[in-house]
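Could you slot chain B onto chain A? The hints should help.
Protein sequence lines correspond, in order, to chains A and B. FYI, our numbering numbers position 267 of the first sequence as 267, with every residue one higher than the one before it. Position in the second sequence counted from 1, then plus 348, gives you our numbering.
Hints are computed from structural coordinates only; laboratory data are not their basis. One thing to keep in mind: the hints can contain errors.
Stated by the list, open to error - In silico DSBU-like links for lysine-lysine, alpha-carbon gap of 35 Å or less:
| hint | chain 1 | residue 1 | chain 2 | residue 2 |
| --- | --- | --- | --- | --- |
| 1 | A | 153 | B | 614 |
| 2 | B | 463 | A | 297 |
| 3 | B | 378 | A | 124 |
| 4 | B | 378 | B | 614 |
| 5 | A | 124 | B | 508 |
| 6 | B | 378 | B | 508 |
| 7 | B | 378 | B | 511 |
| 8 | B | 463 | A | 153 |
| 9 | A | 124 | B | 614 |
On a predicted model such as this, the values are computed, not experimentally measured, just so you know.
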Amino acid sequence: MRPCGVFDKSYAQDIAIVRTWQHWTILISALIVLYLFPLFGSYYLTSFMNLLAISVIAVLGLQIVSGYCGQISFGQAAFMAIGAYTSSVLTIHFGVSFWLALPLSGIVAGAVGIIGGAPSLRIKGMYLAMATIAIHFVVIWLILHLDITGSFKGLYPPYPSVGGFEFDTDERMYYIIMTVMVIMTYAARNLMRTKVGRAFVAIRDNDLAGEVMGVNLYHYKLLAFFIACFYAGIAGSLWAHLITVVNAEQFTLLHALEYVGMLIIGGMGSIPGVFFGVLFIRILNEAVMFTSPALAKSLPWLGTSPAAALGLIAFGLAVIIFLIFEPRGLAHRWEIFKASYRLYPFAY
Amino acid sequence: MIGFLQQAVTGLMVGSLYALVGASIVLVYKSTHVVSLAHGQLVAFGALFFWLFFGGLGLPAWISLVPAFVLTALIGILIERLALRPLIGQPLFAAFLMTFAIFIALEGVFVLYLKGGSRSLPAFLPAGNLTVHGLSIPINQLISFFVAVLLFVSLSLVFKLTKVGLGMRATAEDHRLAQSVGVSVRNIFSYIWILSSLVAAVGGIATANVMDVYYMLPYIGINGLIVAICGGLDSLLGAFIAGLLLGVVENVGAGYLDPLVGGGVKDVVAYVALLLILLIRPYGLFGLVRIERI
Numbered sequence: 001m002r003p004c005g006v007f008d009k010s011y012a013q014d015i016a017i018v019r020t021w022q023h024w025t026i027l028i029s030a031l032i033v034l035y036l037f038p039l040f041g042s043y044y045l046t047s048f049m050n051l052l053a054i055s056v057i058a059v060l061g062l063q064i065v066s067g068y069c070g071q072i073s074f075g076q077a078a079f080m081a082i083g084a085y086t087s088s089v090l091t092i093h094f095g096v097s098f099w100l101a102l103p104l105s106g107i108v109a110g111a112v113g114i115i116g117g118a119p120s121l122r123i124k125g126m127y128l129a130m131a132t133i134a135i136h137f138v139v140i141w142l143i144l145h146l147d148i149t150g151s152f153k154g155l156y157p158p159y160p161s162v163g164g165f166e167f168d169t170d171e172r173m174y175y176i177i178m179t180v181m182v183i184m185t186y187a188a189r190n191l192m193r194t195k196v197g198r199a200f201v202a203i204r205d206n207d208l209a210g211e212v213m214g215v216n217l218y219h220y221k222l223l224a225f226f227i228a229c230f231y232a233g234i235a236g237s238l239w240a241h242l243i244t245v246v247n248a249e250q251f252t253l254l255h256a257l258e259y260v261g262m263l264i265i266g267g268m269g270s271i272p273g274v275f276f277g278v279l280f281i282r283i284l285n286e287a288v289m290f291t292s293p294a295l296a297k298s299l300p301w302l303g304t305s306p307a308a309a310l311g312l313i314a315f316g317l318a319v320i321i322f323l324i325f326e327p328r329g330l331a332h333r334w335e336i337f338k339a340s341y342r343l344y345p346f347a348y
Numbered sequence: 349m350i351g352f353l354q355q356a357v358t359g360l361m362v363g364s365l366y367a368l369v370g371a372s373i374v375l376v377y378k379s380t381h382v383v384s385l386a387h388g389q390l391v392a393f394g395a396l397f398f399w400l401f402f403g404g405l406g407l408p409a410w411i412s413l414v415p416a417f418v419l420t421a422l423i424g425i426l427i428e429r430l431a432l433r434p435l436i437g438q439p440l441f442a443a444f445l446m447t448f449a450i451f452i453a454l455e456g457v458f459v460l461y462l463k464g465g466s467r468s469l470p471a472f473l474p475a476g477n478l479t480v481h482g483l484s485i486p487i488n489q490l491i492s493f494f495v496a497v498l499l500f501v502s503l504s505l506v507f508k509l510t511k512v513g514l515g516m517r518a519t520a521e522d523h524r525l526a527q528s529v530g531v532s533v534r535n536i537f538s539y540i541w542i543l544s545s546l547v548a549a550v551g552g553i554a555t556a557n558v559m560d561v562y563y564m565l566p567y568i569g570i571n572g573l574i575v576a577i578c579g580g581l582d583s584l585l586g587a588f589i590a591g592l593l594l595g596v597v598e599n600v601g602a603g604y605l606d607p608l609v610g611g612g613v614k615d616v617v618a619y620v621a622l623l624l625i626l627l628i629r630p631y632g633l634f635g636l637v638r639i640e641r642i
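Same shape as in the complex, but just chain A:
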């Protein structure tokens, strides 16, 4: 989407992600603000941004496999768990440094994801969603019953460090997490203008037609699952070293459903949509957390700590409302806004 009077003169311009000098200015200043944020943002906001960024990475993976490739997956939380545990086990039991464990945990989660994605070759839609729910429970069960994962007690991975400098506060971890998030976002955005991305979209729109046109379903569906679970693994690893406590309670089915909800609210098939969805749900959650003590005081029948339950209700209602009134998500609103900006001062 370009403003009036801007035309592409070459193919490279046409497929460029950042198109005009205005885009560059916005992008660079946004990056500067992002990296300077801990200097002027409060500790609470910085921690909040960390959680946002980790969710963004996980939902980006989900966007690739569900939004672009059309294979809905309720297993993202389980694959995050695999990443978190891989990273923890590697750093605790094998003394691997965080910097190596981070990509490795992505690769391990991706490899398990290929096994998890195997049913997608025979089934799709709702059946596949159920298969991924089954995979979620099997993975969590294995985590709880293996010795190396510390079963119910969980693991305590160390903070990352480089040359004696420990990333032991949320503000220090912020820089690692944001850097990874920026790289992952760029990679996802770029993937979608390559042959692989186009193959994913072809599979989503009509897999039979795609196959007839020469898209190797076997290859690309598994690739989509690998990439999605790689993202989940990276997110899990970052989570593990940020919180430094990992247990199975942090990766329940409700978390996986929450990621799918973020995807629906943000809009399927759009990278900015991921950010909108994550932001919307997280802010909704914080708002509920914030207001629930007052609510509990004025309405005693709610009990003493209704925050978790109210959060579920708010989240469920938000997804219901979006499915009915804006099934294309916030990303669609964003597109409408961009179109009107592009055409200004004309109506169409």
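Here is chain B on its own, set in the frame of chain A:
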């Protein structure tokens, strides 16, 4: 051998509960082609409403069944009217996602009501064990087993013999064709949701009979979904058989494998079974194979 049989019989009793939940999901799928994750909540609310009137208010069991059924059916109708009807004409997958959103919202209400505690139903079915050739069967579970069988037989008869049942089958085949021969598809949807909520409520009350009403109860809906898929989503008989099979496999598997891996097999057997069924027979044991065209 007697140990195996004992586990199998216990499994059959549990399996009949799964079969009931599975049947409520199959009912909805059969006529609307919507796969519902929300039925776990209908099961839980059925049990909760029964507890409210029976355990909470102290009404006799047979009287408290009535408001429990009515209220659960009301939730079913509300789900259909407010959430699923606006989605008619959209991809079926949106409806599936809708049921998962409903599941979460109702889960919130459920958790909010329980406040982290649990409610246990006072016994309302005769206690004691029936012993046949060394196998002991709890009588209350035997009764709920027979209720399940009775319900399945009567549901099949409704589908086969009555005019409404014929309308339901016609709606399942093709909405527009059904409308063109005078079937009110909207009414059929409402009837179906009422019927399936009632079945779910029976399942919930029968489940609450053997376990507490607590925050994990809605997740029996996932077991119900597994049963429905394994049996074939459009087959009531399939749901019944798959439900019983799942109960038996769970119990027998747990009995034999628990000592080997150190416990907890029961929690995961259902999911492994689902994965295997989906890989070997994606359309379930008795489901119709759909042929796709571009």
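Evaluation of the provided hints:
no., hint, verdict
1, 153(A) - 614(B), "holds, 21 Å"
2, 463(B) - 297(A), "holds, 15 Å"
3, 378(B) - 124(A), "holds, 19 Å"
4, 378(B) - 614(B), "holds, 30 Å"
5, 124(A) - 508(B), "holds, 31 Å"
6, 378(B) - 508(B), "holds, 13 Å"
7, 378(B) - 511(B), "holds, 16 Å"
8, 463(B) - 153(A), "holds, 25 Å"
9, 124(A) - 614(B), "holds, 27 Å"
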